[in-house]
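Residue numbers (this note's numbering), protein chains in the order written: chain A, 1 to 83; chain B, 1 to 755; chain C, 1 to 160.
By construction, these hints were calculated from the structure, which means they are not laboratory data.
On a predicted model such as this, the values are computed, not experimentally measured, just so you know.
Any given hint could be a false lead.
Within a straight-line C-alpha distance of at most 30 Å, the following computed DSSO-like cross-link-like pairs (lysine-lysine) qualify [claimed, not checked]:
{"#": "1", "chain 1": "A", "residue 1": "K3", "chain 2": "B", "residue 2": "K183"}
{"#": "2", "chain 1": "B", "residue 1": "K409", "chain 2": "A", "residue 2": "K69"}
{"#": "3", "chain 1": "B", "residue 1": "K191", "chain 2": "B", "residue 2": "K204"}
{"#": "4", "chain 1": "C", "residue 1": "K3", "chain 2": "B", "residue 2": "K61"}
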Amino acid sequence: MPKVVLSSGSAGQQYTDGQTEFEVEATTFRRLVLELEQRFPGLGRQVEESMAVAIDGEIFQDAYAAELKPDSEVVLIPKIGGG
Amino acid sequence: MNYIDSGLKVVGTRPIRPDGVEKVTGRAVFAADTRSAGMVWGKVLRSPHAHARILSIDTSKAAALPGVRAIVTGADFPNIASEEAFVGEGPMNFRDLSLNVIARDKVLYEGHALAAVAATTQAIADEALSLIDVKYEVLPHVIDVEEAMAEGAPILHDDMFTSGVSPKPTKPSNIAKVVTFKKGDAEAGFKEADVIVEGRYTTKPVHQAYIEPHACLVTYNPDGQTTIHSSSQGHFMVRAYTAKLLGLEMSDIRAIPAEIGGGFGGKTLVYLEPLAVALSRKAGKSVKMQMTREEVFRGSGPTSGATVEVKIGAKKDGTIVAAKQVLKYQAGAFAGSPIGPGCMCGFAMYDLPNIDVVGYDVVSNRPKVAAYRAPGAPITSFAVESLLDDLALKLGIDPLTLREKNAAKNGTKTHYGPTHQNIGFTAVLDAVKSHPHWKTPLKPGQGRGLAAGFWFNIGGESSASVHVNEDGSVTAATGSPDIGGSRASIGMMVAEALGVSAERVRTTVADTASIGFTHVTGGSRVTFATGMAATQAAEKVVEDLKRRAAQTWEIPVEAVEWKDGKAYPAGSNAGAFEPLDLATLALKAARTGGPIQAEVSVNAQGAGAGFGAHICDVSVDKETGQVTIERYTAIQDVGKAIHPSYVEGQIQGGAAQGIGWALNEEYIYNDKGQLENPGFLDYRCPVASDVPMIEAVLVEVPNPRHPFGARGVGEVPIVPPMAAVANAIRSATGLRMPDLPMSPPKVRAALDAAG
Amino acid sequence: MAKQYVSTTINGESAEFLCETQQTLLDVLRDVVGLTGSKEGCASGDCGACSVIVDGRLVCSCLMLGVEAEGKSITTIEGIAQGEKLHPVQQKFLEHAALQCGFCTPGLIVATKALLDENPNPTETEARYWLAGNLCRCTGYDKVIRAVMDAAAVMRGETV
Numbered sequence: 001m002p003k004v005v006l007s008s009g010s011a012g013q014q015y016t017d018g019q020t021e022f023e024v025e026a027t028t029f030r031r032l033v034l035e036l037e038q039r040f041p042g043l044g045r046q047v048e049e050s051m052a053v054a055i056d057g058e059i060f061q062d063a064y065a066a067e068l069k070p071d072s073e074v075v076l077i078p079k080i081g082g083g
Numbered sequence: 001m002n003y004i005d006s007g008l009k010v011v012g013t014r015p016i017r018p019d020g021v022e023k024v025t026g027r028a029v030f031a032a033d034t035r036s037a038g039m040v041w042g043k044v045l046r047s048p049h050a051h052a053r054i055l056s057i058d059t060s061k062a063a064a065l066p067g068v069r070a071i072v073t074g075a076d077f078p079n080i081a082s083e084e085a086f087v088g089e090g091p092m093n094f095r096d097l098s099l100n101v102i103a104r105d106k107v108l109y110e111g112h113a114l115a116a117v118a119a120t121t122q123a124i125a126d127e128a129l130s131l132i133d134v135k136y137e138v139l140p141h142v143i144d145v146e147e148a149m150a151e152g153a154p155i156l157h158d159d160m161f162t163s164g165v166s167p168k169p170t171k172p173s174n175i176a177k178v179v180t181f182k183k184g185d186a187e188a189g190f191k192e193a194d195v196i197v198e199g200r201y202t203t204k205p206v207h208q209a210y211i212e213p214h215a216c217l218v219t220y221n222p223d224g225q226t227t228i229h230s231s232s233q234g235h236f237m238v239r240a241y242t243a244k245l246l247g248l249e250m251s252d253i254r255a256i257p258a259e260i261g262g263g264f265g266g267k268t269l270v271y272l273e274p275l276a277v278a279l280s281r282k283a284g285k286s287v288k289m290q291m292t293r294e295e296v297f298r299g300s301g302p303t304s305g306a307t308v309e310v311k312i313g314a315k316k317d318g319t320i321v322a323a324k325q326v327l328k329y330q331a332g333a334f335a336g337s338p339i340g341p342g343c344m345c346g347f348a349m350y351d352l353p354n355i356d357v358v359g360y361d362v363v364s365n366r367p368k369v370a371a372y373r374a375p376g377a378p379i380t381s382f383a384v385e386s387l388l389d390d391l392a393l394k395l396g397i398d399p400l401t402l403r404e405k406n407a408a409k410n411g412t413k414t415h416y417g418p419t420h421q422n423i424g425f426t427a428v429l430d431a432v433k434s435h436p437h438w439k440t441p442l443k444p445g446q447g448r449g450l451a452a453g454f455w456f457n458i459g460g461e462s463s464a465s466v467h468v469n470e471d472g473s474v475t476a477a478t479g480s481p482d483i484g485g486s487r488a489s490i491g492m493m494v495a496e497a498l499g500v501s502a503e504r505v506r507t508t509v510a511d512t513a514s515i516g517f518t519h520v521t522g523g524s525r526v527t528f529a530t531g532m533a534a535t536q537a538a539e540k541v542v543e544d545l546k547r548r549a550a551q552t553w554e555i556p557v558e559a560v561e562w563k564d565g566k567a568y569p570a571g572s573n574a575g576a577f578e579p580l581d582l583a584t585l586a587l588k589a590a591r592t593g594g595p596i597q598a599e600v601s602v603n604a605q606g607a608g609a610g611f612g613a614h615i616c617d618v619s620v621d622k623e624t625g626q627v628t629i630e631r632y633t634a635i636q637d638v639g640k641a642i643h644p645s646y647v648e649g650q651i652q653g654g655a656a657q658g659i660g661w662a663l664n665e666e667y668i669y670n671d672k673g674q675l676e677n678p679g680f681l682d683y684r685c686p687v688a689s690d691v692p693m694i695e696a697v698l699v700e701v702p703n704p705r706h707p708f709g710a711r712g713v714g715e716v717p718i719v720p721p722m723a724a725v726a727n728a729i730r731s732a733t734g735l736r737m738p739d740l741p742m743s744p745p746k747v748r749a750a751l752d753a754a755g
Numbered sequence: 001m002a003k004q005y006v007s008t009t010i011n012g013e014s015a016e017f018l019c020e021t022q023q024t025l026l027d028v029l030r031d032v033v034g035l036t037g038s039k040e041g042c043a044s045g046d047c048g049a050c051s052v053i054v055d056g057r058l059v060c061s062c063l064m065l066g067v068e069a070e071g072k073s074i075t076t077i078e079g080i081a082q083g084e085k086l087h088p089v090q091q092k093f094l095e096h097a098a099l100q101c102g103f104c105t106p107g108l109i110v111a112t113k114a115l116l117d118e119n120p121n122p123t124e125t126e127a128r129y130w131l132a133g134n135l136c137r138c139t140g141y142d143k144v145i146r147a148v149m150d151a152a153a154v155m156r157g158e159t160v
């Protein structure tokens, strides 16, 4: 099952009562978001709106289709902008 | 298709940019150059106070002035519930944006807009502003970040409770949020260190200082259809934000991108456009608005001033075993400093086992921060790269060797989560090592500094269309405003894919009604994401052209190949047909299916991170404290330079901005919280005589996720300069300057103190 | 107050206009005469984006009143090219990619012409100090100075 790490800079901890690492059953980023919302109400929305995700090191922003492998490491970080 | 490693004919060359002639003849139309028959002029009333309650606004005298056509205040704008949404670039709290565009019950900084008028001439509009009677209750203000965090500081927002702390606070604060990033165990790591160094660094707010002030021309029609010409880094953002702030339908707004005279992040949001639309609606006329330079300094979005504390522990051989950082960034009047990237970027270049970073996003009574080129990164790297220099000195290790020893490589896990892939930091450091500048002995009295920098670069949504005109020439249109020559590189990528010369492709920037959604020009994303969309569109056109050739020759499409702008039968078995070029196929377009074009929209993922290292030689005048940049070399991994001249230009421009940030630029406030230097005389940006030639060295470690291997380049170059200059000053004088800017009075004072 | 009638020469052609006495030459060029090539960057003479040449002298048009144009000969960016033929300074700016956003470019080109009219063989340092009154935020000045030096060589007949 993919391991999800909530980087605390991503403001997601307020939904998980401080928990920062958990396993989630999902094969796509979309499914991951739905699972997170179910487990921690509000987190899924937060992830969609203001977080980027690094899947096995590569950063994705706004990508439902991004694939997760069974041993994927998923890190949720603040969305990155620029100037 | 992937063009990395193939023989390229156009990409990598240096053609003249397609929009160049109109720019050197003064014909290019910037927002302030636009006109509309019967238009009226809009002007903004701004708060003279740093912090005050608005007790009343009486516009009656102003309204009675002949020539005044409309006046708006906060009462004319819908109130928006606090909500974050990701539209444009970065999360945007629309309630805060609305309050920033026009104040409601409080003004939160000197320069905060609270009313706007439209009148037949600029002079009448100015006079009308002076007739608006505002009663303020002046409140105590606070600007410095640590003062704003302190117990007893004047509170800007009664409903701001620090997020990111547990338990949830019950007292309002100026600390909007706290963020932390950890890897390993820093405290344990420090116990293993042979040497520990610490530093405390401060920076002042600086402005992006684009030479073109914000400007727009807006026409609101009685049926609600609205046209906006404005200077912005993203017309889709202008449309969306304006619609959101005024409660309008997005499809009723057509935002047309004018040429833009610089942005650097400061034009990735709106200031004037919603005011102009509201005025145009009330006046029943087109409204033209432009900020004065003073207004730009007082009323737009300078970046954070900050305090950064760093502690680094290392082994005798230079291996860093622990690092700790506490960052406090000004957000301005509303939450939203780039504290996140500030926390993430400082150590992103290094492979460190134990890292502990804490960051504070702090509001205070100065303008709301807007993005500025690699937002958050220059500040954090000023601190980290300065301290690394001190560490190198303490260890007796060459500063380049120290960085090589700890450099992030492919597979290095960052402290903020992702693992680096396909990065070029080692290649950059190798390029430093072999560069003549690094090897040249220093002249007497001079000092040399080295510093590194990093930026993520982003991808995101872009749309591009490629049309083959009836004569075989090509038009490429995208939704990306051109702030640095991107029309050239996009045209070149399209030309390469089509196999024609760069001159055969004309590139335009299309408005919101004419092309698919495109994210702002920022985040170093255009060559990457819009280039990707344009290349894919060109490839679709190529497939279409092959199909038409196949139809013409009556052979299967698999038997057609496309090379150098022509369709060829693939091998002698396919048939002995003369090649068909674009012009010939275009002439017959109607017979082979209709117009030849393709539009592609992407949400580009896989933007490659950028790394740079700068070498700076300085001399310091001991009498005046003036620092002269004697030699400057900026080395950067650019993936693949599509148009090398414009890539070099980004690096040189970013370096110059960093040099200004290092040596002279700062917001100077009086004790009333009013800006004392809102002009280019006293807000001192580098001029031509302040800098030498800036050698830009392009290292190319291709990003495999882009068809040509390109990485974003625009933001990395502003990250290393402040520490490069500070380290050079230390090398020249033995003095560590931890407070920016390192202006002559400060340098002279430090020299005096050292005796 | 009534507008003032002004008669002057702009880019070699006689021009006349009505303007208010407090309007700067920059305001007049842009809003009255319609020549928007000269830009307003600061309106206080600090950025050079409004540079024009008046009777052979480089001037910030934001520091001069429109009424002061009476009887003078003014060259703006619109008068630098000769019809379809670009001035060597313009051509070299393009070749060297000495512009990015292009906003400071008209001012820089006019200032460069004024430099080379007075000093056809400037050193790099002389060029940098002459152009210190033209702020550019995009380029870091490197390619600008290269373009200026190259244009100077072309105008001296040393190269093309």
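Hint check:
For the hint pairing A:K3 with B:K183, the CA-to-CA distance comes to about 16 Å; that is within 30 Å, so the pair holds. Simply put, B:K409 and A:K69 have alpha-carbon atoms about 24 Å apart, close enough for the 30 Å limit, and the pair holds. Our distance criterion of 30 Å between C-alpha atoms is broken by B:K191 and B:K204, whose separation comes to about 34 Å. Between C:K3 and B:K61, the direct Cα distance comes to roughly 26 Å. Compliance with the 30 Å bound is thereby established for this hinted pair.
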